[in-house]
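**Student:** Construct the entire structure; sequences and hints are all you get.
Just so you know, the sequences run in chain order A and B.
Under my numbering, think of the first position of the first sequence as 1, with each following residue one higher.
Under my numbering, think of the first position of the second sequence as 1001, with each following residue one higher.
Treat the hints loosely; a few may be bogus.
Said to hold, decoys possible - What follows is a set of in silico ranges between Cβ atoms, one per label pair, in the way DEER data are often shown: (1) A:Gly337 / B:Pro1236: 36 to 42 Å; (2) A:Ala287 / B:Ala1237: 21 to 27 Å; (3) B:Leu1258 / A:Ser332: 28 to 34 Å; (4) A:Pro165 / B:Gly1200: 29 to 35 Å; (5) B:Lys1122 / A:Ala120: 53 to 59 Å; (6) B:Thr1082 / A:Ser332: 36 to 42 Å; (7) A:Ala57 / B:Lys1122: 53 to 59 Å; (8) A:Val339 / B:Ala1125: 21 to 27 Å; (9) A:Pro27 / B:Val1188: 31 to 37 Å; (10) A:Glu308 / B:Ala1237: 40 to 46 Å; (11) B:Gly1223 / A:Ser332: 21 to 27 Å.
To be verified - Output of the computed footprint for chain B on chain A, the stretches with three or more beta carbons under 8 Å from beta carbons of chain B: (12) 45-59; (13) 140-153; (14) 277-289; (15) 327-334.
The set of hints was computed from the structure by calculation and includes no laboratory data.
Ideal placement from N, C-alpha and C gives every residue a C-beta, glycine not left out.
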Amino acid sequence: MALDGFPPSEARAASAIPAASGVPIPPTPCTIDRAGLGSLITRLREGGYRTLGPTVADGAIVLGEIDSIADLPQGWHDTQGPGTYRLTSGEDGELFGWAVGPQSAKRELWPPRSVVWRAAGGGGDPAPIGASEGPKAPIALVGVRPCEVAAIGILDGVLGRSPVPDPDFVAARRDLFVCTVECGRPSASCFCESMGSGPSAESGFDLALTEIRDADGERFLVRAGSERGAAVLAGIRTLPAEERDLKAREAVVAGARAGLVRRVDTASLPHLLERNLENPRWSEVAARCLSCGNCTQVCPTCFCVSIEDVTDVTTGIERHRRWASCFEVGHSYLHGGAVRPSTRARYRQWLTHKLGTWFEQFGTSGCVGCGRCLTWCPVGIDLTEEVAALRASDVGNPVPAGERGV
Amino acid sequence: MTAPAPGFRPSVAVFKFASCDGCQLSLLDCEDELLSLAGAVSIAHFAEMSRATIEGPYDLTFVEGSITTSADAERLQLVRATSTTLVSIGACATAGGIQALRNFADIGDYVAAVYARPEYIKTLATATPIADHVKVDFELRGCPIDRHQLLEVITAALAGRRPVIPTHSVCAECKLRGTTCLLVGRGVPCLGPVTQAGCGALCPAIGRGCYGCFGPAEATNTGALADRLLEVGMDPADLSRWFRTFNAGAPAFAKESLRHDPQRQR
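**Tutor:** What follows is the structure in structure tokens.
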């Protein structure tokens, strides 16, 4: 997924990692061993990055601070499907032998709750307005999946290249270091290939790793996607990638591709959705939908927020921003009531925006095929199944805008 | 709502009906804010705090408890008449409370089973929320209410703005604090998807499914969640009890509890 000039190149060059003076930057692709991966994490940390990666907590792989290899989920595998997620521990020693956890990079780049500004009220003078808090330290994401990288690219378009770019997002994104790890074990919820976001990593990263475990032993194939990505490798023990390493990477990606069991037929999807706004399928899915908003909260690209003003007992004022959801009735509240008062209307809004009108608005799909929405739906509503059902029952004729029901 | 005049110091009253007092004590639990609160409002009637009372009318009245006797039903009319803004607080006042279990049984049987002299007991057949009897300006859910939400209602009144009290599901609060979904991740029964937010998703954060203390969320589908809970292994009789706790009388929960009530199905 192209970044189309965002973040700005001059900002991208301002790496937190000091330029390696006298230490040669190894050419990539190259390979590193487990110790080399440890050195990479150390180097990012010493470069001032808050280094976040996969950790095991409360029965799931979640984003956590990683100090060393020991923090990574060695031997853990996830089993996913509609409405279910289980983590199991194996003896194989794989560090990245899982698909995706419930949390995405959105949590860091577009936090669940933040203070937009605060002011001290009272008295007759205009209240001083404080700047937003912004991120504390630059973030390095280690071990995020290619679908996650694609999702970051979509957020770039929504929040970074908008006519009014969000300063908090831009600040966090400008300094973000992305070290992706290609997928070797997709879950039964994944459909990244349909959405063109995986399982291989093609762009949008500073470094791309592939975890290889074959007859030649354990190693990580490393490709640099940016100058600062390459610069991080300076001083780390690398070996030039050989033909067998490149072949092994292909085998990992091919294995992942073969393991994908879910697909979405994306042919003319926006048009399919546009002409099926009155398809009875929406009522069927609404009968199961809890309107709880889990799908939107776990989605790595759902960006909707609510702005709330808070006053305290004395005179302090804060404007808060928190994750909101199109499944909240109040989200579509206009004068006199909610535009989308029914679950049917809200589910339809979510799906048609994600897969259809997102193209009109931002030029891409809003879905990267990570499968979180179907795994973390408490009742297991499956986006891929819904699209297939709409296609199978395609009503064929668009309904005039004025006659659309809610 | 219009902005109050500068220096406006509203009079606040607290009244109780059938309840445990836990919700009104949330006001005294606001320890960090209590002094500034006492300066910002005039506590005119609050029996848990002081025997001194100032006569009404009151600008802001909090009403706790459900209506279980005809005498209380009459007293509530007086409270309403003397209050500019009336806010009902807690599961009892907003849904009838745990005592609304009587709504599913014969009150005569209960009284006869419990009291040696049933003829001394004069009570209504049902426990009902405040809004069933008088106009309520705002409701705060919970068993007990959340003190931050209570402060929010008071500070909103001081500023002349609408209180920010979300009516969406508890799920959003689990996501805000980064709690992994118990139902999906571990198969733990949880009412969070159909329960209104406000507690900050306390129970899921310590590995327990939501008990539904804050009552039904704005747009609930209790039936679909109940079907899923049965799939993850919940006993149908437990399911009925699950929906029949502090908010047993809330229509969405009452309806779902009846659907799984073994006595009704016999």
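**Student:** Flag every earlier hint the structure violates by its number, smallest first.
**Tutor:** 8, 9 and 13
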